[in-house]
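Sequence lines, in order, name chains E and H.
Counting from 40, one number per residue, gives the positions in the first sequence under our numbering.
Counting from 15, one number per residue, gives the positions in the second sequence under our numbering.
Everything labelled a hint here was simulated from the structure, so no lab data went into it.
These figures come from a predicted structure and were not determined experimentally.
Accuracy of the hints is not assured; some may be wrong.
Here are the simulated PhoX-like pairs of lysine-lysine, each with C-alpha atoms no more than 25 Å apart in a straight line [what the hints assert, rightly or not]:
#	chain 1	residue 1	chain 2	residue 2
1	E	LYS42	H	LYS71
2	E	LYS143	H	LYS71
3	E	LYS108	E	LYS42
Away from chain E, derived, C-beta distances all over 12 Å, residues of chain H [stated by the list, open to error]:
#	residue
4	THR34
5	ASN42
6	GLN51
7	THR69
8	ASP70
9	GLY72
10	SER81
11	THR91
12	SER97
13	VAL125
Covered stretches of chain E (in silico footprint by chain H; criterion: 3 or more residues with CB under 8 Å from a CB of chain H, positions within the stretch not fixed) [as the list claims (entries may be wrong)]:
#	stretch
14	51-63
15	106-112
No residue lacks a Cβ here, since even glycine has one placed at the ideal position from N, Cα and C.
One-letter residues, chain by chain:
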Amino acid sequence: DAKTTQPNSMESNEEEPVHLPCNHSTISGTDYIHWYRQLPSQGPEYVIHGLTSNVNNRMASLAIAEDRKSSTLILHRATLRDAAVYYCILRSSGGGADGLTFGKGTHLIIQP
Amino acid sequence: DAGITQSPRHKVTETGTPVTLRCHQTENHRYMYWYRQDPGHGLRLIHYSYGVKDTDKGEVSDGYSVSRSKTEDFLLTLESATSSQTSVYFCAIRQRGIYEQYFGPGTRLTVT
Chain E
40 DAKTTQPNSM ESNEEEPVHL PCNHSTISGT DYIHWYRQLP SQGPEYVIHG
90 LTSNVNNRMA SLAIAEDRKS STLILHRATL RDAAVYYCIL RSSGGGADGL
140 TFGKGTHLII QP
Chain H
15 DAGITQSPRH KVTETGTPVT LRCHQTENHR YMYWYRQDPG HGLRLIHYSY
65 GVKDTDKGEV SDGYSVSRSK TEDFLLTLES ATSSQTSVYF CAIRQRGIYE
115 QYFGPGTRLT VT
C-alpha cells in the first residue's frame, strides 16, 4: 500500500484556520485520499475524502495537489473541539472489503 | 451517529483465559471490521467481514478469531489471552459502495 507522511504534531489558535499537510508521493491513480480524526478517548471519525479535485463538506476542505503527491486538510475556523489526532489514509478505489491502514497521524493542539 | 455499540466497554482478564468482544450494529451495513490500537500507534486491522459467515484476516490476526452469524453482530475472540493483547479494540462498519467507515466507542481490554 502507498504510504503517507504527516507531521507528528501541529499547534494552532482557536478561531484561526488550520492547514494539515500530508505527503503521499507513491500514490497510485486509483487511490482515494481519506482523512479521519480521533478525538481523545473516542473511535476515529470520518472527515472527508477525495480523488483529484478539491472537496468541501461541513467539517473541512480537502485540497489536493495537481500531481496528487500531497494534500492538505483545511479546518477553516478551529475550535477547541477540533483538538484530535488527524489521519491521512490512502485507499484504493478498487472496492473490496479491506480495511484502512492508519499511520501515526498528526496530533493537532488548539490553543484558546 | 452510526448505530454501533461495543460490549463490554472495559474488561480485565487473566492470561490464558478466553475473551469475546461483541460489536453490534443497527445500520444493516455489509462490512464490519475489528481494529486494535496501542499507545503511540494508529489503528491496526485484525479481521474483517464482508457478509454473514464471510470473514478474512487483517494485518495482525494471530491469536484472534472472529465470527459473524448475523448481519448485525461481529464477534472477536481471543482464545487464550496474552499480555500482548492488552489494547483498545475498535469495531467499524461500512456500507457497500460507500467509502466511509464508522467506528464504535471502543473496548479497553487489559490482560494481567
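We went through each hint and held it up to the structure:
Distance restraint check for LYS42/E and LYS71/H: the Cα-Cα separation of roughly 21 Å lies within the 25 Å cut-off, and the hinted pair is therefore satisfied. Between the alpha carbons of LYS143/E and LYS71/H the distance comes to roughly 22 Å, so the proposed pair stays at or under 25 Å and holds. Pair hint LYS108/E plus LYS42/E holds up; C-alpha atoms about 11 Å apart against a cutoff of 25 Å. THR34/H, annotated as away from the interface, keeps every beta carbon of chain E farther than 12 Å; the closest lies near 19 Å.
Under the 12 Å C-beta cut-off, the non-interface status given to ASN42/H relative to chain E holds; the minimum distance is some 16 Å. Some Cβ of chain E comes within 12 Å of the Cβ of GLN51/H; the nearest lies about 8 Å off, and the non-interface call is violated. The beta carbon of THR69/H is not kept farther than 12 Å from every beta carbon of chain E, the shortest such distance being approximately 9 Å. The claim that ASP70/H lies off the interface is violated: its Cβ sits roughly 7 Å from the closest Cβ of chain E, which falls inside the 12 Å cut-off.
Listed as a non-interface residue, GLY72/H fails to keep its Cβ farther than 12 Å from every Cβ of chain E; the least gap is roughly 6 Å. Under the 12 Å C-beta cut-off, the non-interface status given to SER81/H relative to chain E holds; the minimum distance is some 16 Å. Distance to chain E confirms THR91/H as a non-interface residue, since its nearest Cβ pair spans about 18 Å, more than 12 Å. Here SER97/H stays apart from chain E, with its beta-carbon at least about 22 Å from theirs, past the 12 Å limit.
Once the 12 Å rule is applied to beta carbons, VAL125/H is consistent with being away from chain E; the minimum gap is 20 Å. Coverage of the stretch 51-63 of chain E by chain H is violated. Counting CB-CB distances below 8 Å, 0 residues qualify, and the rule asks for three or more. Judged by the Cβ-Cβ criterion of 8 Å, the stretch 106-112 of chain E is not covered by chain H as claimed, because only 0 of its residues qualify and three are needed.
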